[in-house]
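Enquirer: Chain B: place on chain A using the hints.
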Amino acid sequence: MTVSVVIADDDPQIRDMWADWLELLRGIKVVGRASNGEEAIERILELRPTFAMVDRSMPPGDGITAIRSVRAGGYTGPCIVISGEDGEGADESDLADVHYVSKASGPSALATFLDGMGW
Amino acid sequence: MNSGEDTLSGTFVRTEDLTEEQEAAVESANESEPDPYVGPANSELRAGDHNARYLYETALGALPTGVIHLCADGAFLGATSAMERMLGHPPGWEPPEGGLLELVHPDDQEVGITALARLAGDPALEPWDSTTDSVDLRVRNADGDYRWLEARGTDLRQDPQVAGYLVSFTDVTSRVEATQYRSQFFRTAAHELRAPVATMLGRLDILEATLEKVKVDLPTTVPATVAHLRSSALRMQRLVGDLMDSARMDSGEFNLVRRENVDLAALITKEIADLAVEAGERNVTITKRVTPGPKVTVDSVRIGQVIANLLSNACRYGKNGGAVMVTADPTRDGWCIRFVDTGIGMDAETVARLGEPLFRAERAKEHAVGTGLGFAVTKGIVEAHGGTLTVESELDRGTTVTVLLPYETA
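Protein chains in written order, with our numbering: chain A, 144 to 262; chain B, 674 to 1083.
Each hint should be verified, as a subset may be incorrect.
[Claimed, not checked] Across the chosen pairs, the derived CB separations fall in these ranges:
1) 238(A) to 970(B): 23 to 31 Å
2) 237(A) to 970(B): 41 to 49 Å
3) 766(B) to 237(A): 25 to 33 Å
4) 239(A) to 891(B): 23 to 31 Å
5) 960(B) to 238(A): 55 to 63 Å
6) 926(B) to 238(A): 20 to 28 Å
7) 170(A) to 900(B): 19 to 27 Å
8) 783(B) to 237(A): 40 to 48 Å
[To be verified] Below 20 Å or equal to it, Euclidean Cα-Cα: the simulated EDC-like pairs (lysine to aspartate or glutamate) are:
9) 886(B) to 189(A)
10) 1038(B) to 951(B)
11) 943(B) to 954(B)
12) 172(A) to 189(A)
13) 943(B) to 163(A)
14) 968(B) to 923(B)
15) 992(B) to 1002(B)
16) 886(B) to 163(A)
17) 172(A) to 878(B)
18) 992(B) to 933(B)
19) 172(A) to 159(A)
20) 968(B) to 878(B)
Note that these hints are calculated values from the structure, not bench results. Where a beta carbon is used, it is the ideal one built from N, C-alpha and C, also for glycine.
For reference, chain A alone in the conformation it holds in the complex (with noise of 0.2 Å):
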């Protein structure tokens, strides 16, 4: 099975180099990018990828909104939130199956996710 995903981050910079990284390093297919909370949400539930990642914050609307409305929508898969600051958002447990990888930790945070998924 091809694992895919939608990401979603306002900054291009960083949202092509988790494209390319997941891409070329663990062979993952990005099979849509979104920058902005709406185009997220449009783009996870019309494309229904393995799994989601989202940026927290990114005008108009925001990760954990978007995700609330995916999983509204149907979508099941695992969601990771990509936060600025350590910590952030870690109070959402009412959502289901969503991580949290603070851009502190650099790639190194989304490969222990990925590997524990295996991945």
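Expert: Just chain B now, kept in the frame of chain A:
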């Protein structure tokens, strides 16, 4: 004119012209040359005396510090003119009916109540030390704006002239705002730097993987350059982390967010590998000895930051060709991790000041670059885990930093 039987409380509300008093006081002061000191040691001068009253009204009133006199049950008795000015009230001001606490910001009332209880000698609380203790509170002035006031109190219930408490207030709004501004600036700077640092590290992963794949003979400068770039990016990542944590500690918002079972030996090995280039540049050899033992439940990113900061310090303040030894041993109270270097060392005064944010010793500045944030943050992280960090050092001999980390952290 007040009689000599007045208590101190009566003198705190300025209701009269004191010119005559002042003249009398000056005369009296001249007569009692050379030392017009007013205090418990000088029984000649009591609050009711003209000389003392002159001091309280004029001298205390002229200071930027306001004083409030509370009776033994905590009720308001009077305030100096400086206190009235500080809050923008006219002479003879009295607090609202609900008491002084009504003027304190709701978020700071608990702080004020606890401080007063300590001042009153509540046996359940730590005793108040009037020489060193103070609390910062937001207090509402006549315009309805809150000002940050630093409050210090003295229990003078046993003094018949006071029969209560004297609480002094200094307006520290500019200091508090400067600290808040610094925290906000650190936070914004750190936040903005995170994305480019993460991008560099991710791109370096890609570059290294690509170089491995091409299998052509590259000049050795290529992988060496990649390694140096990674070392610099990791150093920047540490600095950004320290900036962010320092800001969070300043504003009391520092929390540990992850709790993981961590293999310390693996973590130490990783951090040493990340520091290899920096150690190499200084020709410092890092060795480690880890006794097998249980895993610890910690925030692995933060404890990684502790190990990286202490290793980096040991390398940066090491001598060219020096050695750094890291040891980790399971003890009864937890893991004991030691960082022993043979570097420039510190004198006792420097060791005592190490936790101060932005403090850097002169010798340290001459020896290596640094921000003076890392140590305070490192100590804060260890303490947030319920651990301790101790430093022993000798000038020109080296430094040993010992971290004691409980197995199950608080």
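Enquirer: Among the hints numbered above, which are violated by the structure, and what are their numbers in rising order?
Expert: 2, 3, 4, 5, 8, 9, 13, 14, 15, 18, 20
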